Every structure is written in structure tokens, then in C-alpha cells.
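Participant: Same order as they appear, the protein sequences are chains A and B. For the first sequence, the positions run 934 to 1050 when the working numbering is used. For the second sequence, the positions run 548 to 662 when the working numbering is used.
The set of hints was computed from the structure by calculation and includes no laboratory data. Here the structure is a predicted model, which means the values were calculated and not measured. Backbone N, C-alpha and C fix where the C-beta goes; we use that ideal spot for every residue, glycine too.
Derived SDA-like pairs (lysine to any residue); straight-line CA-CA distance at most 20 angstroms: (1) K649(B) / L978(A); (2) K649(B) / P994(A); (3) K649(B) / I988(A); (4) K596(B) / L1031(A); (5) K649(B) / M993(A); (6) K596(B) / H962(A); (7) K596(B) / N622(B).
Computed beta-carbon distance windows for the label pairs: (8) Q950(A) / G575(B): 39 to 45 angstroms; (9) S940(A) / Q592(B): 15 to 21 angstroms; (10) P994(A) / G588(B): 23 to 29 angstroms; (11) E567(B) / P1014(A): 41 to 47 angstroms; (12) V945(A) / I558(B): 28 to 34 angstroms.
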Amino acid sequence: DAGVIQSPRHEVTEMGQEVTLRCKPISGHNSLFWYRQTMMRGLELLIYFNNNVPIDDSGMPEDRFSAKMPNASFSTLKIQPSEPRDSAVYFCASSLSLGTSNYNEQFFGPGTRLTVL
Amino acid sequence: AQSVTQPDIHITVSEGASLELRCNYSYGATPYLFWYVQSPGQGLQLLLKYFSGDTLVQGIKGFEAEFKRSQSSFNLRKPSVHWSDAAEYFCAVGASMEYGNKLVFGAGTILRVKS
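Let the hints inform the model, and build the full structure from the sequences given.
Facilitator: Shown next, in the form of C-alpha cells:
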């Protein structure tokens, strides 16, 4: 398996522009997670999906952030409009979740390094 | 709510020396515990995990960790560090929920290895 795939790997944009980050989870996994990593705040969970349904988006910083998962093999994280404080590395992870009686590890993608000027 | 504390932001060890990275967690139920490693510019890779059973778990790259419920700790150890172990290490506690699972990460410990 190719693992979790994220694109682009690097994104540089100007303040106010729309940014879309993409993620392809591991085939067969039914949970998908978006994380943000910064020096100041470490790794933060932004949102996670189970069977394509958003379960917990309490980590999404504000309305400028939105995430979708139209099917089991694709998810996007969009920032509109972007601001310099959104500069961070954004990770996508996936896992196979089988309810409360089972816990499987999360597999992380390589991340997208976003720089907003 | 669950939380993870990694008290050491940076640790420097000599190549060949032993290593212990500390991790303390807060979680009401039996925790699922993980150690991940992140090399510069890379994503996170799972080193080892504890779900239940033997409290000493073995992982990849010669790492092991011991779960101590009485101390709410899950410290990572390696008997002899190699220069390639220089990276950032994250401890995490998992919450198994009705729909999916969540991970809460510690702030990370940066390991430097000196020759």
C-alpha cells in the first residue's frame, strides 16, 4: 500500500487566498484525521471523520477552515481566506476503527507545509 | 479529558548511551498509549503501542516502553542510542469512542545525539 498520500507537499500563498489541502487515506481505512502542527501549539487535532461523516470538528480554529470527505478515498481541508497565522504543517492520518472494542493505530501522511505570506 | 505531558523538551545523549524519554498521561479509563517518532520534514511513524497485557512493550528500531498504571507513566527506553535516532518523539493517549478513535499528543521531546 502507498500509505496516506497528501498533496501538495509544500504550499506558499499570499494572505487572503484560498488554500486547499488534499488527502487520500489508506484503502480500507474508515477514519480520517486532520492535524495541524506548529512550534507554539504542537500537534492539534482539527477534525476527524468516520465513514465519511464528520464526527468531531471542535478543533477547527474558526469558520475560515472547512473540511470535506466526499468519499472514502478523498478528503480536503480548505482555508478561505488564509492568514499568516495559518502557516503550519498539516497532517492527514487514517485508521481502521471498529468501535469501542477495538483500537487501531493511525497512519500519518508526510504532511503539507503551508506558508501564508 | 485525556492529556499527555512530556516534561523534557530537549534531551541530548551520546551515541551508544542509554535513553529514557518520559511520558505521563491523564485518562479516566484504561488508556491506549503510543509513541511516535518524527524525523525532520517527515510524518509521524509509530514506534510502539500499549493496549493491554504485558506492561513492557517492544517496538521497532530497538525501542521499548513500560506502562506503569500507578505512576500514570509510559516511558520510552532504548539501551544504546544511534545517531539515526535523532528526531522528535511524541507520546500519545488514545480514546476509543463510539465513532472512531482520537489521539491526544504530548508536546514532544527533541532528541539530539552527539558523537
